[in-house]
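Using the sequences and the hints given, assemble the complete structure.
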Amino acid sequence: MIIDCHGHVSAPAQLWAYKAVLLASRGSHGRGGVKVSDDEIRIALNHSEIGPKGHLDALAHHGTDVQLISPRPFQLMHSEKPGKLVRWFAEECHNVIHRQTQLFPNKFFGVASLPEVAGEPIQNALPELERCVKQLGFVGCLLNPDPYENSGVEPPALGDRYWYPLYEKLCELDVPAHIHTASSRSERVSYSVHLINEGTIAILGLLSSDVFKDFPKLKIIVSHGGGAIPYQLGRFDAPSLRGRGATRFRDQLQLLYFDTVLYTAAALELLIKTVGPDRCLFGSECPGVGSAIDPDTGQTMDHIRPHIEKFDWLSQADRDKIFSGNARKVFNLKI
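Numbering (the numbering used here), first residue to last: 139 to 473.
Hint data in this document are derived by calculation from the structure and do not stem from the laboratory. We put the beta carbon where it would ideally sit given N, CA and C, even for glycine. It is possible that some hints are incorrect.
Simulated restraints on C-beta separations [stated by the list, open to error]:
| # | residue 1 | residue 2 | range |
| --- | --- | --- | --- |
| 1 | Gly257 | Arg169 | 15 to 25 Å |
| 2 | Gln454 | Leu408 | 18 to 28 Å |
| 3 | Asp176 | Ala155 | 17 to 27 Å |
| 4 | Leu408 | Asn233 | 38 to 48 Å |
Spelled out as C-alpha coordinates, the structure:
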(Lines of atoms letter the chains of each structure in order from A and count residues from 1; the text may use other names and numbers.)
(Lines give C-alpha, C1' and ligand atoms only; values in the text may rest on other atoms or scores of the structure.)
Protein backbone atom coordinates (compact mmCIF):
# COMPACT_ATOMS: atom_id res chain seq x y z
CA MET A 1 0.00 0.00 0.00
CA ILE A 2 1.12 3.56 -0.79
CA ILE A 3 0.02 6.26 1.69
CA ASP A 4 0.96 9.80 0.67
CA CYS A 5 1.18 11.91 3.84
CA HIS A 6 1.66 15.20 2.00
CA GLY A 7 -1.13 16.23 -0.35
CA HIS A 8 -3.12 19.45 -0.74
CA VAL A 9 -6.72 20.09 -1.64
CA SER A 10 -7.87 20.47 -5.23
CA ALA A 11 -10.87 22.68 -4.58
CA PRO A 12 -13.72 24.11 -6.63
CA ALA A 13 -13.20 27.66 -7.85
CA GLN A 14 -15.80 28.84 -5.33
CA LEU A 15 -13.27 28.42 -2.51
CA TRP A 16 -10.76 30.78 -4.15
CA ALA A 17 -13.54 33.23 -5.02
CA TYR A 18 -14.56 33.19 -1.35
CA LYS A 19 -11.01 34.11 -0.36
CA ALA A 20 -10.96 36.98 -2.89
CA VAL A 21 -14.19 38.40 -1.45
CA LEU A 22 -12.83 38.18 2.10
CA LEU A 23 -9.70 40.09 1.12
CA ALA A 24 -11.62 42.68 -0.88
CA SER A 25 -14.15 43.40 1.87
CA ARG A 26 -11.88 42.75 4.89
CA GLY A 27 -14.82 40.80 6.33
CA SER A 28 -17.15 43.80 6.43
CA HIS A 29 -19.85 41.80 4.62
CA GLY A 30 -19.80 39.03 7.24
CA ARG A 31 -18.46 35.52 7.26
CA GLY A 32 -20.36 34.03 4.36
CA GLY A 33 -19.37 30.59 3.17
CA VAL A 34 -18.56 28.33 0.23
CA LYS A 35 -21.61 26.80 -1.42
CA VAL A 36 -20.78 23.91 -3.73
CA SER A 37 -22.47 20.69 -4.73
CA ASP A 38 -20.99 17.22 -4.44
CA ASP A 39 -20.72 17.14 -8.24
CA GLU A 40 -18.68 20.36 -8.24
CA ILE A 41 -16.33 18.86 -5.68
CA ARG A 42 -15.92 15.75 -7.84
CA ILE A 43 -15.25 17.90 -10.91
CA ALA A 44 -12.47 19.77 -9.04
CA LEU A 45 -10.80 16.45 -8.23
CA ASN A 46 -10.91 15.38 -11.88
CA HIS A 47 -9.95 18.70 -13.44
CA SER A 48 -6.32 19.33 -14.46
CA GLU A 49 -5.43 22.36 -12.37
CA ILE A 50 -1.70 22.24 -11.61
CA GLY A 51 -0.15 19.23 -13.31
CA PRO A 52 -0.87 17.39 -16.55
CA LYS A 53 -3.54 15.25 -14.86
CA GLY A 54 -6.42 15.88 -12.50
CA HIS A 55 -5.99 15.02 -8.83
CA LEU A 56 -7.59 11.57 -8.84
CA ASP A 57 -6.03 10.65 -12.19
CA ALA A 58 -2.58 11.67 -10.93
CA LEU A 59 -2.91 9.51 -7.82
CA ALA A 60 -4.05 6.56 -9.92
CA HIS A 61 -1.17 7.07 -12.36
CA HIS A 62 1.33 7.14 -9.50
CA GLY A 63 -0.18 4.14 -7.73
CA THR A 64 -1.14 6.06 -4.58
CA ASP A 65 -3.80 4.26 -2.56
CA VAL A 66 -4.47 6.82 0.19
CA GLN A 67 -3.59 10.50 0.50
CA LEU A 68 -3.70 12.90 3.43
CA ILE A 69 -4.91 16.27 2.13
CA SER A 70 -4.62 19.69 3.72
CA PRO A 71 -5.24 23.29 2.57
CA ARG A 72 -2.71 24.72 0.12
CA PRO A 73 -0.21 26.48 2.42
CA PHE A 74 0.65 29.42 0.16
CA GLN A 75 -3.06 30.36 0.16
CA LEU A 76 -3.41 30.57 3.94
CA MET A 77 -2.55 34.29 4.43
CA HIS A 78 -1.57 33.99 8.11
CA SER A 79 -0.25 37.56 8.17
CA GLU A 80 -3.48 39.16 6.94
CA LYS A 81 -5.58 41.42 9.16
CA PRO A 82 -8.08 41.23 10.67
CA GLY A 83 -7.43 37.76 12.05
CA LYS A 84 -11.00 36.63 11.46
CA LEU A 85 -10.21 36.41 7.74
CA VAL A 86 -7.57 33.78 8.44
CA ARG A 87 -9.92 31.78 10.64
CA TRP A 88 -12.90 31.97 8.28
CA PHE A 89 -10.89 30.90 5.25
CA ALA A 90 -9.26 28.00 7.12
CA GLU A 91 -12.68 26.81 8.29
CA GLU A 92 -14.03 26.82 4.73
CA CYS A 93 -10.97 24.94 3.46
CA HIS A 94 -11.54 22.33 6.13
CA ASN A 95 -15.22 22.00 5.28
CA VAL A 96 -14.38 21.31 1.63
CA ILE A 97 -11.71 18.77 2.61
CA HIS A 98 -14.13 17.06 4.97
CA ARG A 99 -16.64 16.67 2.16
CA GLN A 100 -13.96 15.15 -0.05
CA THR A 101 -13.13 12.63 2.67
CA GLN A 102 -16.82 11.74 2.85
CA LEU A 103 -17.16 11.37 -0.91
CA PHE A 104 -13.95 9.33 -1.18
CA PRO A 105 -13.57 7.65 2.23
CA ASN A 106 -11.10 5.04 1.00
CA LYS A 107 -8.90 7.62 -0.72
CA PHE A 108 -8.59 10.74 1.45
CA PHE A 109 -7.95 11.66 5.09
CA GLY A 110 -8.09 15.28 6.25
CA VAL A 111 -5.21 17.31 7.69
CA ALA A 112 -6.07 20.75 9.10
CA SER A 113 -4.23 24.02 8.75
CA LEU A 114 -3.88 25.81 12.05
CA PRO A 115 -5.58 29.21 11.64
CA GLU A 116 -2.51 30.96 13.03
CA VAL A 117 -2.68 34.74 12.97
CA ALA A 118 0.55 36.71 13.15
CA GLY A 119 0.84 38.44 16.52
CA GLU A 120 -2.01 36.54 18.18
CA PRO A 121 -1.63 33.84 20.86
CA ILE A 122 -1.44 30.32 19.43
CA GLN A 123 -4.33 29.40 21.74
CA ASN A 124 -6.65 31.19 19.30
CA ALA A 125 -5.99 28.49 16.70
CA LEU A 126 -6.78 25.54 18.94
CA PRO A 127 -10.61 25.49 18.78
CA GLU A 128 -10.50 24.88 15.03
CA LEU A 129 -7.89 22.13 15.46
CA GLU A 130 -10.17 20.48 18.01
CA ARG A 131 -13.20 20.81 15.70
CA CYS A 132 -11.30 19.25 12.82
CA VAL A 133 -10.10 16.27 14.85
CA LYS A 134 -13.14 15.59 16.99
CA GLN A 135 -15.95 16.52 14.60
CA LEU A 136 -14.50 16.15 11.10
CA GLY A 137 -12.22 13.16 11.74
CA PHE A 138 -8.98 14.86 10.66
CA VAL A 139 -5.77 13.06 11.54
CA GLY A 140 -3.22 15.86 11.90
CA CYS A 141 -2.46 19.51 11.21
CA LEU A 142 -0.04 21.76 9.38
CA LEU A 143 2.17 23.99 11.51
CA ASN A 144 3.51 27.19 9.98
CA PRO A 145 6.57 28.23 12.01
CA ASP A 146 6.39 31.76 10.55
CA PRO A 147 2.85 33.18 10.60
CA TYR A 148 4.37 36.60 9.80
CA GLU A 149 5.17 35.11 6.38
CA ASN A 150 8.68 36.51 6.02
CA SER A 151 7.49 40.09 6.40
CA GLY A 152 10.43 41.25 8.52
CA VAL A 153 8.96 40.38 11.93
CA GLU A 154 10.47 37.26 13.47
CA PRO A 155 8.19 34.75 15.21
CA PRO A 156 9.20 32.82 18.33
CA ALA A 157 11.33 29.76 17.60
CA LEU A 158 9.49 26.46 17.89
CA GLY A 159 11.25 25.77 21.17
CA ASP A 160 9.71 28.89 22.71
CA ARG A 161 6.94 28.52 25.27
CA TYR A 162 4.67 30.51 22.97
CA TRP A 163 3.99 27.20 21.21
CA TYR A 164 3.50 25.07 24.33
CA PRO A 165 -0.34 25.28 24.37
CA LEU A 166 -0.30 23.81 20.86
CA TYR A 167 2.05 20.98 21.84
CA GLU A 168 -0.12 20.18 24.83
CA LYS A 169 -3.23 20.03 22.62
CA LEU A 170 -1.48 17.86 20.02
CA CYS A 171 -0.53 15.35 22.72
CA GLU A 172 -4.04 15.45 24.18
CA LEU A 173 -5.59 14.74 20.75
CA ASP A 174 -2.78 12.32 19.79
CA VAL A 175 -2.28 13.86 16.35
CA PRO A 176 0.95 15.04 14.69
CA ALA A 177 1.88 18.47 13.43
CA HIS A 178 3.38 18.68 9.95
CA ILE A 179 5.74 21.66 9.68
CA HIS A 180 5.02 23.54 6.46
CA THR A 181 5.48 27.26 5.84
CA ALA A 182 2.90 29.40 4.11
CA SER A 183 3.54 32.41 1.91
CA SER A 184 6.57 34.71 1.77
CA ARG A 185 6.03 38.46 1.64
CA SER A 186 9.66 39.09 0.74
CA GLU A 187 10.55 40.05 -2.81
CA ARG A 188 14.04 38.71 -2.17
CA VAL A 189 13.06 35.30 -0.76
CA SER A 190 10.55 33.31 -2.77
CA TYR A 191 7.97 30.95 -1.29
CA SER A 192 10.10 27.91 -2.16
CA VAL A 193 13.27 29.34 -0.64
CA HIS A 194 11.38 30.45 2.47
CA LEU A 195 10.05 26.91 2.85
CA ILE A 196 13.60 25.49 2.92
CA ASN A 197 14.86 28.16 5.29
CA GLU A 198 11.99 27.78 7.76
CA GLY A 199 12.21 24.00 7.78
CA THR A 200 15.84 24.33 8.82
CA ILE A 201 15.11 26.98 11.46
CA ALA A 202 12.20 24.94 12.82
CA ILE A 203 14.36 21.87 13.39
CA LEU A 204 17.09 23.89 15.09
CA GLY A 205 14.54 25.62 17.33
CA LEU A 206 13.02 22.31 18.41
CA LEU A 207 16.22 20.32 18.93
CA SER A 208 18.00 23.06 20.89
CA SER A 209 15.10 23.26 23.36
CA ASP A 210 13.34 21.17 26.00
CA VAL A 211 10.24 20.56 23.87
CA PHE A 212 10.67 16.80 23.56
CA LYS A 213 11.60 16.49 27.22
CA ASP A 214 8.45 18.36 28.18
CA PHE A 215 6.27 16.59 25.58
CA PRO A 216 7.77 13.12 25.06
CA LYS A 217 4.70 11.95 23.10
CA LEU A 218 4.76 14.87 20.67
CA LYS A 219 4.88 13.87 16.99
CA ILE A 220 6.39 16.36 14.54
CA ILE A 221 6.90 15.82 10.80
CA VAL A 222 9.10 18.16 8.78
CA SER A 223 8.16 18.84 5.17
CA HIS A 224 10.35 18.47 2.12
CA GLY A 225 13.06 16.39 3.73
CA GLY A 226 13.89 18.76 6.57
CA GLY A 227 15.02 21.94 4.86
CA ALA A 228 18.81 22.06 4.61
CA ILE A 229 19.49 19.89 7.66
CA PRO A 230 20.31 16.50 6.06
CA TYR A 231 22.47 18.19 3.42
CA GLN A 232 24.48 20.39 5.81
CA LEU A 233 24.67 17.85 8.61
CA GLY A 234 28.41 18.22 9.13
CA ARG A 235 27.95 21.86 10.02
CA PHE A 236 25.03 21.25 12.39
CA ASP A 237 26.77 18.30 14.02
CA ALA A 238 29.69 20.49 15.09
CA PRO A 239 30.00 20.64 18.90
CA SER A 240 29.38 24.38 18.97
CA LEU A 241 25.98 23.96 17.26
CA ARG A 242 24.61 20.93 19.06
CA GLY A 243 22.55 22.94 21.47
CA ARG A 244 22.29 21.49 24.94
CA GLY A 245 24.31 18.46 25.88
CA ALA A 246 26.79 16.45 23.88
CA THR A 247 24.30 14.39 21.86
CA ARG A 248 25.16 14.39 18.19
CA PHE A 249 22.76 16.38 16.06
CA ARG A 250 22.32 13.34 13.83
CA ASP A 251 21.02 11.39 16.84
CA GLN A 252 18.68 14.18 17.86
CA LEU A 253 17.00 13.97 14.46
CA GLN A 254 15.46 10.70 15.64
CA LEU A 255 12.99 12.81 17.62
CA LEU A 256 11.44 13.99 14.34
CA TYR A 257 9.81 12.53 11.26
CA PHE A 258 10.44 13.65 7.68
CA ASP A 259 8.40 13.41 4.53
CA THR A 260 9.96 12.39 1.23
CA VAL A 261 8.83 15.35 -0.87
CA LEU A 262 12.21 15.66 -2.58
CA TYR A 263 12.50 15.51 -6.33
CA THR A 264 15.77 13.74 -7.02
CA ALA A 265 16.96 10.24 -6.20
CA ALA A 266 20.19 11.61 -4.70
CA ALA A 267 18.34 13.85 -2.25
CA LEU A 268 15.99 11.04 -1.22
CA GLU A 269 18.88 8.64 -0.69
CA LEU A 270 20.71 11.13 1.49
CA LEU A 271 17.62 11.82 3.59
CA ILE A 272 16.80 8.15 4.22
CA LYS A 273 20.40 7.23 5.01
CA THR A 274 20.72 10.24 7.34
CA VAL A 275 17.59 9.81 9.47
CA GLY A 276 16.77 6.15 8.78
CA PRO A 277 13.71 4.52 7.19
CA ASP A 278 11.90 4.49 10.56
CA ARG A 279 11.67 8.30 10.45
CA CYS A 280 10.58 8.79 6.83
CA LEU A 281 6.99 9.03 5.63
CA PHE A 282 6.21 8.82 1.94
CA GLY A 283 4.96 12.11 0.56
CA SER A 284 4.80 13.45 -2.97
CA GLU A 285 2.69 16.65 -2.87
CA CYS A 286 0.94 15.26 -5.93
CA PRO A 287 -0.47 17.12 -7.72
CA GLY A 288 1.98 19.83 -6.85
CA VAL A 289 4.92 20.42 -9.14
CA GLY A 290 3.54 17.97 -11.67
CA SER A 291 3.97 20.39 -14.55
CA ALA A 292 7.76 20.05 -14.23
CA ILE A 293 9.43 17.03 -15.85
CA ASP A 294 12.48 15.24 -14.47
CA PRO A 295 14.90 15.21 -17.42
CA ASP A 296 16.52 11.97 -16.24
CA THR A 297 13.33 9.90 -15.99
CA GLY A 298 10.80 11.70 -18.14
CA GLN A 299 8.38 11.47 -15.20
CA THR A 300 6.64 14.36 -13.51
CA MET A 301 8.71 15.46 -10.53
CA ASP A 302 6.06 14.48 -8.01
CA HIS A 303 6.36 10.84 -9.09
CA ILE A 304 8.68 9.97 -6.21
CA ARG A 305 7.82 6.31 -5.62
CA PRO A 306 10.04 4.89 -8.44
CA HIS A 307 13.13 6.49 -6.90
CA ILE A 308 12.58 4.71 -3.57
CA GLU A 309 11.72 1.41 -5.23
CA LYS A 310 15.09 1.43 -7.04
CA PHE A 311 17.14 1.73 -3.83
CA ASP A 312 18.52 -1.83 -3.65
CA TRP A 313 20.10 -1.06 -0.27
CA LEU A 314 16.61 -0.77 1.27
CA SER A 315 14.94 -3.97 2.46
CA GLN A 316 11.33 -4.59 1.49
CA ALA A 317 10.40 -4.20 5.15
CA ASP A 318 11.98 -0.72 5.20
CA ARG A 319 10.24 0.25 1.96
CA ASP A 320 6.95 -0.81 3.49
CA LYS A 321 7.63 1.40 6.51
CA ILE A 322 8.29 4.41 4.28
CA PHE A 323 5.38 3.78 1.92
CA SER A 324 2.72 3.10 4.54
CA GLY A 325 3.78 1.68 7.92
CA ASN A 326 5.17 4.87 9.40
CA ALA A 327 2.15 6.92 8.30
CA ARG A 328 -0.23 4.39 9.85
CA LYS A 329 1.63 4.72 13.15
CA VAL A 330 2.18 8.48 13.24
CA PHE A 331 -1.32 9.45 12.08
CA ASN A 332 -3.13 6.56 13.82
CA LEU A 333 -4.69 5.59 10.50
CA LYS A 334 -7.40 2.96 10.68
CA ILE A 335 -7.02 1.39 7.25
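Okay, the hints, checked on the actual structure:
As the Cβ distance of Gly257 to Arg169 is approximately 21 Å, the hint placing it in 15 to 25 Å holds. Between Gln454 and Leu408, the C-beta spacing of about 21 Å keeps the proposed range 18 to 28 Å intact. Distance hint for Asp176 and Ala155: a CB-CB separation of about 18 Å, consistent with the stated range 17 to 27 Å. At about 39 Å, the beta-carbon gap between Leu408 and Asn233 stays in the expected band of 38 to 48 Å.
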